[in-house]
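**Q** Full structure from sequences and hints, please.
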Amino acid sequence: MGLDAVARLGVSILSNDDQVSVDSITLFVALLCGCIVIGYLLEESRWINESITALVIGLCTGGIILLTTKGKSSHLLEFDEQLFFIYVLPPIIFNAGFQVKKKQFFRNFMTIMLFGAVGTLISFSIISFGAKELLGKLDIGFLELRDYLAIGAIFSATDSVCTLQVLNQDETPRLYSLVFGEGVVNDATSVVLFNAIQKLDLSHINSRAALLFTGNFLYLFLASTFLGVLIGLLSAYLIKKIYLGRHSTDREVALVILMAYLSYVMAELFDLSGILTVFICGIVMSHYTWHNVTANSKVTTRHTFATLSFIAEIFIFLYVGMDALDIEKWRFVKNSPGKSVGVSAVLLGLVLVGRACFVFPLSLLSNCLKQSEHDKFGLKQQVTIWWAGLMRGSVSMALAYNQFTRFGHTQQPGNAVMITSTITIVLFSTVVFGLITKRLVRFLLPSTQGFNSLISSEQSFTRPLLTNGQEPEVEMGNVDPLGPASLSMLLKKPHTILKNWRRFDDAFMRPLFGGRGFVPDALELSKGGCGH
1 MGLDAVARLG VSILSNDDQV SVDSITLFVA LLCGCIVIGY LLEESRWINE SITALVIGLC
61 TGGIILLTTK GKSSHLLEFD EQLFFIYVLP PIIFNAGFQV KKKQFFRNFM TIMLFGAVGT
121 LISFSIISFG AKELLGKLDI GFLELRDYLA IGAIFSATDS VCTLQVLNQD ETPRLYSLVF
181 GEGVVNDATS VVLFNAIQKL DLSHINSRAA LLFTGNFLYL FLASTFLGVL IGLLSAYLIK
241 KIYLGRHSTD REVALVILMA YLSYVMAELF DLSGILTVFI CGIVMSHYTW HNVTANSKVT
301 TRHTFATLSF IAEIFIFLYV GMDALDIEKW RFVKNSPGKS VGVSAVLLGL VLVGRACFVF
361 PLSLLSNCLK QSEHDKFGLK QQVTIWWAGL MRGSVSMALA YNQFTRFGHT QQPGNAVMIT
421 STITIVLFST VVFGLITKRL VRFLLPSTQG FNSLISSEQS FTRPLLTNGQ EPEVEMGNVD
481 PLGPASLSML LKKPHTILKN WRRFDDAFMR PLFGGRGFVP DALELSKGGC GH
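Position 65 (the sequence shown) corresponds to 65 in full-length UniProt numbering; numbering is contiguous.
Simulated from the structure, these hints should not be mistaken for lab results. Built from N, CA and C at the ideal position, the CB exists for glycine as well. Check before you lean on any hint, since a few could be wrong.
Here are the computed distance ranges between Cβ atoms for each label pair [unchecked claim]:
#, residue 1, residue 2, range
1, 428, 42, 15 to 25 Å
2, 516, 138, 51 to 61 Å
3, 125, 270, 24 to 34 Å
4, 113, 270, 17 to 27 Å
5, 145, 40, 18 to 28 Å
6, 440, 118, 39 to 49 Å
7, 379, 436, 12 to 22 Å
8, 113, 69, 27 to 37 Å
9, 269, 139, 33 to 43 Å
10, 210, 331, 20 to 30 Å
11, 214, 345, 54 to 64 Å
**A** Right under this line is the structure:
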């Protein structure tokens, strides 16, 4: 019955023998443990992170399985592509929102949105157009227009987690903040684009279709954001009113975790972007819900979300490492290996060009909107930002599996080439770029220069995990954000927007939904009862 339950969760066991199935699951879990231990032993060097470790172990394991099965398979287990979206990606994206340093995120909000949203759209357009023009000449098999658009969304998604593992937030605090903020907004935008593409009617391509696509994109973005805010506020209100933790920490923690996951599945139920919804829900829950739970629940939820995210990330890279040697996918390209290499090279080139086409122009625009020379991005800093977002990882793999496989298998040559090329790019960018990033940052931005001088205070970046990255609220009004601009009041005086929001938050939102400094209603009542 246990194995049947696992199969219903989307895991398809290769062998019909139950004992072999148990052996496969045991070995896979043991490999996850090995990735964590080896990653820890290599942590001090900061040159090799857990993602690279998991990829290498996955490759070695896949090679051994390939030899022992005489070339039949490189997998211990096979997974439905929906498994990645339903069970693996949500903890990664939610934890990104839950852990985000909100003060720094909103201090750099305009720059982050400029790079994360507008930049992703620019990169998407360049990669999609380039793939349509260049891949069509390589004769890789039949691909529809929807596939080329999906390729743009797939390779526009950066791997901020892998990038941040090789950066030091003490040495480059503002770089760390911008890369993290851009990464999570980029992932959300890429997934929303991907979902909008799936609903696009490509039978008639005209201006009306373009308007419908734009409208659908905006609808998905806004509706998903609204749902995330709604579920986050609902969880805060429930916990503030009933205060489960006074009787049972277990129930309180369970409710927080389930409400977080509820935001994702409800978004999928309504055909919205679950990734964006769960990210927004994470931000809202960290601002309100987390402050309403007991001290024990704060410790438990914080570590639980971080742990689930960490395991999910390692799981994906370990599986990708083994899947990189999957014979079924490579047999379509074995007669023309040069063609597969060519596709990977073209796509990697488009990734490089696509990111350059928005990082440098948008950095120039950002500099034009700042009056102080001290706050502007220099060329070395722009190169660092460009390089830091070149790695591709879990989101790209999940989107590629969703677009080009069915139940983990590929039957069309074109789809097989795209899967193998995606795996190649993820492997190359994670290992090669990951190994170079740390050295490049130290070369371009020595520890005495760079982003350290561009931020007024580094205190918020060095807070321990359990502080939730929360800074004293009184500091907010004293922060000089990105500087004045001339396009609009929003760009001119972002601190005015933040001050107005803080007043509204203190006057209406926190008294109703709780948060820092507000005692849950049930606890207040119990104290009042004790007083009588």
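**Q** All hints, please: hold or fail.
**A** A quick look at each hint next to the structure:
For residue 428 and residue 42, the Cβ-Cβ distance of about 20 Å falls inside the hinted range of 15 to 25 Å, so the restraint holds. Between residue 516 and residue 138 the beta carbon distance is about 56 Å. The supplied range of 51 to 61 Å therefore holds. Separation of residue 125 from residue 270 is about 28 Å and conforms to the stated range, judged on CB atoms against 24 to 34 Å. Between residue 113 and residue 270 the C-beta distance comes to about 25 Å, which sits within the given range of 17 to 27 Å.
Remark: the range hint 18 to 28 Å for residue 145 to residue 40 is contradicted by a beta-carbon distance near 46 Å. For residue 440 paired with residue 118, a C-beta distance near 25 Å fails the hint of 39 to 49 Å. The beta-carbon spacing between residue 379 and residue 436, approximately 18 Å, falls within the hinted interval of 12 to 22 Å. Against the hinted window of 27 to 37 Å, the Cβ-Cβ separation of residue 113 and residue 69 comes to about 49 Å, which falls outside the hint.
Range check, residue 269 to residue 139: about 41 Å between beta-carbon atoms, so the 33 to 43 Å window is met. Between residue 210 and residue 331 the C-beta distance comes to about 39 Å, which lies outside the given range of 20 to 30 Å. Restraint check, residue 214 to residue 345: a C-beta distance of roughly 32 Å breaks the suggested window 54 to 64 Å.
Consistency with the previously given hints fails for numbers 5, 6, 8, 10 and 11, ordered from lowest to highest.
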